[in-house]
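Peer 1: Chain by chain, the residues:
There are 2 protein chains.
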Amino acid sequence: MSSAMVKKWRSSRQVLRFGWQSLLDLRSDRGSIFRATSGFMNGCVEKSKLHERFNENQNIRFYSCFRPVTEYRSSQRSLGIRQYKLFGSSASKIQRNPTFSSLDSDDVSYFKEILGEKNVIQDEERLETANTDWMHKYKGFSKLMLLPRSTEEVSRILQFCNGRRLAVVPQGGNTGLVGGSVPVFDEVIINVSLMNKVLSFDEVSGILVCEAGCILENLVSFLDTKGFVMPLDLGAKGSCQIGGNVSTNAGGLRLIRYGSLHGTVLGLEAVLADGKVLDMLGTLRKDNTGYDLKHLFIGSEGSLGVVTKVSILTPPKMSSVNLAFLACQDYLSCQKLLVEAKRNLGEILSAFEFLDDKSMELVVKHLDGVRNPLPSSSEKFYILIETTGSDDNYDREKLEAFLLRSLEKGLVSDGVIAQDINQASSFWRIREGITEALQKAGAVYKYDLSLPVEQIYNLVEDMRARMGDVANVVGYGHLGDGNLHLNISARKYDDEIVSLIEPYVYEWTAKHRGSISAEHGLGLMKAKEIFYSKSPESVGLMASIKKMMDPKGILNPYKVLPQSLFSL
Amino acid sequence: MSSAMVKKWRSSRQVLRFGWQSLLDLRSDRGSIFRATSGFMNGCVEKSKLHERFNENQNIRFYSCFRPVTEYRSSQRSLGIRQYKLFGSSASKIQRNPTFSSLDSDDVSYFKEILGEKNVIQDEERLETANTDWMHKYKGFSKLMLLPRSTEEVSRILQFCNGRRLAVVPQGGNTGLVGGSVPVFDEVIINVSLMNKVLSFDEVSGILVCEAGCILENLVSFLDTKGFVMPLDLGAKGSCQIGGNVSTNAGGLRLIRYGSLHGTVLGLEAVLADGKVLDMLGTLRKDNTGYDLKHLFIGSEGSLGVVTKVSILTPPKMSSVNLAFLACQDYLSCQKLLVEAKRNLGEILSAFEFLDDKSMELVVKHLDGVRNPLPSSSEKFYILIETTGSDDNYDREKLEAFLLRSLEKGLVSDGVIAQDINQASSFWRIREGITEALQKAGAVYKYDLSLPVEQIYNLVEDMRARMGDVANVVGYGHLGDGNLHLNISARKYDDEIVSLIEPYVYEWTAKHRGSISAEHGLGLMKAKEIFYSKSPESVGLMASIKKMMDPKGILNPYKVLPQSLFSL
Numbered sequence: 001m002s003s004a005m006v007k008k009w010r011s012s013r014q015v016l017r018f019g020w021q022s023l024l025d026l027r028s029d030r031g032s033i034f035r036a037t038s039g040f041m042n043g044c045v046e047k048s049k050l051h052e053r054f055n056e057n058q059n060i061r062f063y064s065c066f067r068p069v070t071e072y073r074s075s076q077r078s079l080g081i082r083q084y085k086l087f088g089s090s091a092s093k094i095q096r097n098p099t100f101s102s103l104d105s106d107d108v109s110y111f112k113e114i115l116g117e118k119n120v121i122q123d124e125e126r127l128e129t130a131n132t133d134w135m136h137k138y139k140g141f142s143k144l145m146l147l148p149r150s151t152e153e154v155s156r157i158l159q160f161c162n163g164r165r166l167a168v169v170p171q172g173g174n175t176g177l178v179g180g181s182v183p184v185f186d187e188v189i190i191n192v193s194l195m196n197k198v199l200s201f202d203e204v205s206g207i208l209v210c211e212a213g214c215i216l217e218n219l220v221s222f223l224d225t226k227g228f229v230m231p232l233d234l235g236a237k238g239s240c241q242i243g244g245n246v247s248t249n250a251g252g253l254r255l256i257r258y259g260s261l262h263g264t265v266l267g268l269e270a271v272l273a274d275g276k277v278l279d280m281l282g283t284l285r286k287d288n289t290g291y292d293l294k295h296l297f298i299g300s301e302g303s304l305g306v307v308t309k310v311s312i313l314t315p316p317k318m319s320s321v322n323l324a325f326l327a328c329q330d331y332l333s334c335q336k337l338l339v340e341a342k343r344n345l346g347e348i349l350s351a352f353e354f355l356d357d358k359s360m361e362l363v364v365k366h367l368d369g370v371r372n373p374l375p376s377s378s379e380k381f382y383i384l385i386e387t388t389g390s391d392d393n394y395d396r397e398k399l400e401a402f403l404l405r406s407l408e409k410g411l412v413s414d415g416v417i418a419q420d421i422n423q424a425s426s427f428w429r430i431r432e433g434i435t436e437a438l439q440k441a442g443a444v445y446k447y448d449l450s451l452p453v454e455q456i457y458n459l460v461e462d463m464r465a466r467m468g469d470v471a472n473v474v475g476y477g478h479l480g481d482g483n484l485h486l487n488i489s490a491r492k493y494d495d496e497i498v499s500l501i502e503p504y505v506y507e508w509t510a511k512h513r514g515s516i517s518a519e520h521g522l523g524l525m526k527a528k529e530i531f532y533s534k535s536p537e538s539v540g541l542m543a544s545i546k547k548m549m550d551p552k553g554i555l556n557p558y559k560v561l562p563q564s565l566f567s568l
Numbered sequence: 001m002s003s004a005m006v007k008k009w010r011s012s013r014q015v016l017r018f019g020w021q022s023l024l025d026l027r028s029d030r031g032s033i034f035r036a037t038s039g040f041m042n043g044c045v046e047k048s049k050l051h052e053r054f055n056e057n058q059n060i061r062f063y064s065c066f067r068p069v070t071e072y073r074s075s076q077r078s079l080g081i082r083q084y085k086l087f088g089s090s091a092s093k094i095q096r097n098p099t100f101s102s103l104d105s106d107d108v109s110y111f112k113e114i115l116g117e118k119n120v121i122q123d124e125e126r127l128e129t130a131n132t133d134w135m136h137k138y139k140g141f142s143k144l145m146l147l148p149r150s151t152e153e154v155s156r157i158l159q160f161c162n163g164r165r166l167a168v169v170p171q172g173g174n175t176g177l178v179g180g181s182v183p184v185f186d187e188v189i190i191n192v193s194l195m196n197k198v199l200s201f202d203e204v205s206g207i208l209v210c211e212a213g214c215i216l217e218n219l220v221s222f223l224d225t226k227g228f229v230m231p232l233d234l235g236a237k238g239s240c241q242i243g244g245n246v247s248t249n250a251g252g253l254r255l256i257r258y259g260s261l262h263g264t265v266l267g268l269e270a271v272l273a274d275g276k277v278l279d280m281l282g283t284l285r286k287d288n289t290g291y292d293l294k295h296l297f298i299g300s301e302g303s304l305g306v307v308t309k310v311s312i313l314t315p316p317k318m319s320s321v322n323l324a325f326l327a328c329q330d331y332l333s334c335q336k337l338l339v340e341a342k343r344n345l346g347e348i349l350s351a352f353e354f355l356d357d358k359s360m361e362l363v364v365k366h367l368d369g370v371r372n373p374l375p376s377s378s379e380k381f382y383i384l385i386e387t388t389g390s391d392d393n394y395d396r397e398k399l400e401a402f403l404l405r406s407l408e409k410g411l412v413s414d415g416v417i418a419q420d421i422n423q424a425s426s427f428w429r430i431r432e433g434i435t436e437a438l439q440k441a442g443a444v445y446k447y448d449l450s451l452p453v454e455q456i457y458n459l460v461e462d463m464r465a466r467m468g469d470v471a472n473v474v475g476y477g478h479l480g481d482g483n484l485h486l487n488i489s490a491r492k493y494d495d496e497i498v499s500l501i502e503p504y505v506y507e508w509t510a511k512h513r514g515s516i517s518a519e520h521g522l523g524l525m526k527a528k529e530i531f532y533s534k535s536p537e538s539v540g541l542m543a544s545i546k547k548m549m550d551p552k553g554i555l556n557p558y559k560v561l562p563q564s565l566f567s568l
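Chains A and B, in that order, give the protein sequences. Numbered according to my numbering, the first sequence spans residues 1 to 568. Numbered according to my numbering, the second sequence spans residues 1 to 568.
In isolation and in its complexed conformation, chain A is listed as follows (with noise of 0.2 Å):
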């Protein structure tokens, strides 16, 4: 990359504020295409192309949810593909705990007694969709929603339904990607929604308070006006709420920046399952009095706690953005280029993906419009960098010098800097369009994994030696969280195929110390499957702090944990 390769993006300001925002909306990878395209499910084959990479940058892993539902059901079922399950093949495996009452005129007389006649929802179609997922893959049976105002009204809710053994799903905006937010049976469904006031903000300190249910964008506008940004971001954001991103850890666009909800999380206020409202609500940097409860209720999906309000510390919005495109001859490079970005871009750095040389053959292949900006590169790796920063002039130059070094070190065999939105947008386009081009080549098997960064591209290998000429193997990522779509791409689907892949992919996961869900949680589709990343013991401690915390296990039944570690 020669100096005058590496051209500067001069774009003004207020464009690359605008340009920034563009970049959200079109990278469906970290999810932001759900606010764009809040349209698509009137769509037909935009829809389904749209919907397919929401799902994949979500990292759910099912594969056919733009084919017609009828198909879907069948191509699992001969399949038998476990964590591809329907709600009414998983439903046939899990039984309703026979311990839980059912709802009876009495409760619902109570209930709007608490909450008033307009809070307590019967009516069929709310409840129809409140018992349904967004994927419209996990559906319960619920008769009955409940709309509480106040922390009191949630205590008031669960002392009552505890009493009475009549378990509750708690639900903010109902995007869990995991079935973790719809009811499985008839749980009462205890919706946060009205809890929706900003508390407090502390413009000092950048710290946030505010109730359960306040929607992730609407927090996300108000900080703008104060010149501060959530530390989270997700595709769901124009519809997730802030008390179900808490309970599910979510993870999403800015975790490579700003870290995990376990760091920014200050504070909570829970509910838990006998009515006790538990004030963890801190706003505070330091405090070490005690054990850190609130850390409990981050990422447990609400079985241990309706979560109420939050503390969150938020950091200043930056201004500038740029984006460069790169190519590395091996894995080893990519891998060396990391370890250079974080040092040199470090505190500046934002996003750093990675594809293979299989990727872009589907993606130049399949995909119209689309073509490799390094066409006389011939290299095996692609790398995308992005640095978000607060002094545009600063930032870009610190870019380009990192670039020339790289290039200088021969980490890096050749690259390019965007000049502007639309470039920056087509080389989003190309990550982005993986998925697109995946399901245009044939049938495609998903795994979305977390892994050692050194192990990632070791699983491709061997797993492409695995499958031989069976099929298409392909690996791409966020390379900064060590995060992998490993993408199995073949003619048609097939219980050969399937049989080669699992439970090989979980066992080379678990032995290399992976996670099979990176930040989705486990929710009812994958409750059996946590053996394969957390220890028998781990997974007793947890089942030991449910029935502890839960003890006749109303709070979102058969999620998270295992069934079979209750005894009914």
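Keep in mind that the hints are not guaranteed to be accurate.
Chain copies aren't distinguished; within one or between two, either way the pair holds.
As the list claims (entries may be wrong) - Lysine-lysine pairs mimicking DSS-like chemistry, simulated, CA-CA at most 27 Å apart: (1) K197 x K511; (2) K547 x K276; (3) K440 x K358; (4) K336 x K409; (5) K446 x K552; (6) K143 x K380; (7) K380 x K365.
None of these hints come from the bench; they were simulated from the model.
Place chain B on chain A using the hints.
Peer 2: For chain B alone, kept in the frame of chain A given last:
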């Protein structure tokens, strides 16, 4: 501040690196004086000063450690200050748990069998050291210290002790400041010092996996050769061990930059009370498979399990450091400056310290050779801003530009950037010298509190109004972390002064959702005070977790939680 005043600190990179190290050594307020003054226990006047400084900065709030111990004891008794009790007086209120067994010769034989003769310590001199904390404030009466070399040995020890109801104290470097790492009565000491191997380091991801007994400074040195740093740095780093750091959720020097251990620790291995080994030693940034149990062990001070291995994300080493000393006319300007610094220096900001004019007056009056670098200013507040980044040219220019803008906006009324290491040291000397100056000024009542940033100076002013002419109230601290050092200086120690301060200061802190222990935990010293910072429901749940995970209560008894919660 004219542009001429904004002088550049044009040292070579090597000198800067050296300078950074020097700053660490000088910055007792963040603890590093400990390493620089390892011989201070043999000093006299000098010892007193240093000891006092170290203590103050480690958030210990006893004022008379620099008096002869006998005088200290009597002054404590006459004042009746709760939290200032020596071990002797504390112990009188704590009853040995009568359900615990006493060690017998068969026990010792068993331990010799599993650990070998030389790792079962009964030597009186070695036991004396292990029974006593480094402040000589707490002293236990253990007759046995065990030195396991592996997780399996720790497991066998605990399995045996749990069966026999022998209480244990997990111990690392024994540098704790709240009496958490020494026995209270005759607990068996399990010291993990021999478990000191680095197990792996991933140069791509920066993830270090090591045993719990690794000394922090050894890890720092190891990482230095790899071009990385530990995300935490403490004054006690020459002695403290990573297992203890994790168990106490140690904060220290780098918290403002890299966050707490809840964010940087990726995985743990811990042995439970019954000897069960809990493998949570993940090395992934993203893993949402079940409850994130490791957080229970971060900051629980060895009361839920013995941490045996740690996986931690380490950031790349940075090469450039700059320091500015500024004057602000009011506390609101300090807050605004913090906001601006976070926004404009966000990526490189590594310290944001403040002191008030009363602090400056004391330092200039009582310390030889210290002068106000901004003598013409008559402002009420002074701020130190340090940046640490990857590119000295860019970072320095960024700081200079930021300071000029702040001056133009009127947030800063005067300021200077250190031109060399000596000037940087002289700036830090002011901030560090406050406690020494306070000690020279007479008796001093010390409180280290975490508070919302906007409240910090309200407490100082409230306390100033409350004390009237009785005492001089000064405020300073780590503004960027929300950490206040509240110091009340009087001619002599006096019951009436204490009764003016307490429990008012704790109640004030609690009312504003502050913390009475920012980073050192509760240990023995503050176990009873937990209710000032945590709700009864939270403490109740902590006790339930403790009872569930350690039903016989053998792990570090009498610490963290009030003894009254556990029926004996």
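Peer 1: Compare the structure with each hint and give your call.
Peer 2: Right, here's what the structure says about each hint:
| no. | hint | in the structure |
| --- | --- | --- |
| 1 | K197 x K511 | between (45 Å within a copy, 22 Å between copies) |
| 2 | K547 x K276 | both (16 Å within a copy, 19 Å between copies) |
| 3 | K440 x K358 | within (14 Å within a copy, 72 Å between copies) |
| 4 | K336 x K409 | within (10 Å within a copy, 43 Å between copies) |
| 5 | K446 x K552 | neither (37 Å within a copy, 48 Å between copies) |
| 6 | K143 x K380 | neither (55 Å within a copy, 64 Å between copies) |
| 7 | K380 x K365 | within (16 Å within a copy, 68 Å between copies) |
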